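On the provided structure of chain X, position chain A as indicated by the hints.
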Amino acid sequence: MCLSIPVKVISVDGEYAEVDFQGVKKSVGITFVKDVRVGDYLLVHSGFAIEKIGEEEALETLRLWEEIESAGNIG
Amino acid sequence: MQEILDKFRRPELGKQVLAELIPKLNQAADKFGRKLSFMEVCGTHTVSISHTGIRDLLSNYVNLKSGPGCPVCVTDHSDIDAMLELARQEKVTLTTFGDMVRVPGKGGSLAEQKAEGADIRIVYSTLDAVQIAEDNPGRDVVFLGIGFETTTPTVAAALQVAEKKRVDNFYLYSVHKVVPPAMHVLLSDPDVKIDGFILPGHVSVVLGRKAWDFVAEDYNCPAAVVGFEAVDILLGINDLADQVLNGQAKVSNMYSRAVKEEGNPAARQMVDRYFTPGDAAWRGIGIVPGSGMFIRDEFRRFRAEEKYPVAVSDSQPPRGCACGEVLKGKIWPQQCPLFGATCTPVSPVGPCMVSSEGACSAYYRYHRE
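Residue numbers (our numbering), protein chains in the order written: chain X, 1 to 75; chain A, 1001 to 1369.
Isolated chain X (complex conformation) (with noise of 0.2 Å):
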C-alpha cells in the first residue's frame, strides 16, 4: 500500500514527531528523515515519515504549467 500521507511537523522529540493531518493529530517514527524540524512536511506511511516533502520541487514542478497558463491568460 503506497497509501502515504502528507502531514506538518507540531513537534520534535528524538525519533519521533507529533504530526498535525488536517486537524488529527498523531505521533510518527522520524527515524528515516533527517534533520526534522517543526513546520516540515512528511510523507507518513504505516507509523513512519518516509520522506519529507520538498517545496522547491513542489514549485518547480508546477512552474512550467503556471507559465503556460499565464501566457494564455495574456495572449
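No wet-lab data here; the hints were simulated from the structure.
In this text, all values refer to a predicted model and were calculated from it rather than measured experimentally.
Since no wrong hints were added, every one of them can be taken at face value.
Computed list of lysine-lysine pairs in DSBU-like fashion (alpha-carbon distance at most 30 Å, straight line):
#, chain 1, residue 1, chain 2, residue 2
1, X, 52, A, 1260
2, X, 26, A, 1007
3, A, 1250, X, 52
4, X, 8, A, 1210
5, A, 1307, A, 1091
6, X, 8, A, 1260
7, A, 1260, X, 25
8, A, 1015, X, 8
9, A, 1031, A, 1193
10, X, 52, A, 1210
11, X, 34, A, 1260
12, A, 1164, X, 8
13, A, 1210, X, 34
14, A, 1106, A, 1330
15, A, 1007, X, 8
16, A, 1210, A, 1330
17, X, 25, A, 1165
18, A, 1024, A, 1250
19, X, 25, X, 8
20, A, 1165, X, 52
21, A, 1164, A, 1307
22, A, 1164, X, 52
23, A, 1164, X, 25
24, A, 1114, X, 26
25, A, 1260, A, 1015
26, A, 1260, X, 26
27, A, 1330, A, 1035
28, A, 1250, A, 1330
29, X, 34, A, 1007
30, A, 1250, A, 1031
31, A, 1193, A, 1035
32, A, 1007, X, 25
33, X, 52, A, 1015
34, X, 34, A, 1165
35, A, 1164, X, 34
36, A, 1164, X, 26
37, X, 52, A, 1007
38, A, 1165, A, 1091
Just chain A now, with coordinates in the frame of chain X:
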C-alpha cells in the same frame, strides 16, 4: 505549503494538462495504428487513476492498464493458507493490516475466523503489533508482513523496537516483496505489450529514481516516476506520451517533491539489517527470483514459520479465478468470467476483488457499465 500541495488537485490545472495530452495521445495512436498502452504497478495508482476519473476520461485515447501492484493480490495462495493456519493456533494473536482480513483461503478468511473466536487484530502500524505483544506476554503475537518497499522499512523499524525492548513474544510472517524483479519479468514477457510504465511513487521514495534506469536502459521502455494526485497522474502520462512521440526511453522523475535520485538510504539500510532477498512466488506470475524479503538468520527468532511450522501442502487457488491474468494486465478485470457475477466485493473469490487496492475491486467500484 499546503496551498502548494493543493495545486496538484486543481481541476483547472488538470484540464490544462489534458488539453495538451489528448492531442499527443491521438498523434501517437495515428503513428502506431493503435492506442498506446501504459501500465502502472502500484495498487494506490490503480485506485487513484480510477477514482480521479482519469482512466475513463482517457479511455478513448490510451489504455491505462493495471499491473501487479497490490501486495495482498500478489500474495501466493499457499502463503494465504499458511497465514490462515497461523490464526488457528491456540496461543497466537494474529495482527495484520486491514486489507488482508477478508481474503478467502482454505477454511475461510481471517474475518470469518475472527467471527468464530480467533484472536485477530487489525493494526495501522507494525509498532502497534509490537505494543500488543508487550501488553500480552502470555500470547504469541504474529504480525503478517505484507507490502513492498514502502512498507518493509516500517516493519523493520518495528523489529528494531522489539529487539531493543526484548519483546520475546513478537513474531513476523514475512511475505514482503520488492518490485524491480517483477518488472524484469513483465518486461521480458512478449505477451505483455506495454508502451510505457507509470512507476510507483512511494516505492520510489525508498528506492530512488535511479533504481529504475534498467527499464529504459535494458528494455528501451519509457517510464516515469509518478505521484498520486490527479495532476501528478496526468503529468506522468503526458511525459510518457512525449517520450513515445520522441522515440525516447528514459526514467523521468515526475514526483520530485518526494522522490530523490538516490531515494532513502536510511530506510533501505533498516531493511538490510533484518531482511535478505530470496526467490518468492507471486500469484499469477510464479516464482520471481530475488523478489521476496526474508528475515535474516541472525534474527531467526522473529520467524513465525519456525515457531509455528504451518506450511500447507494442498493449497489450491480458487477455481475459475483469473487474478493471475488480471495482475499481468493480460485481461481487464471485466474480462474475468467471475467478475461481477460470482466474484463481487461482498462475496469475493480472489484477492484482486477483496483488497482495497486490487484492480478488480477498483474496477468494480468505478468502471462497471
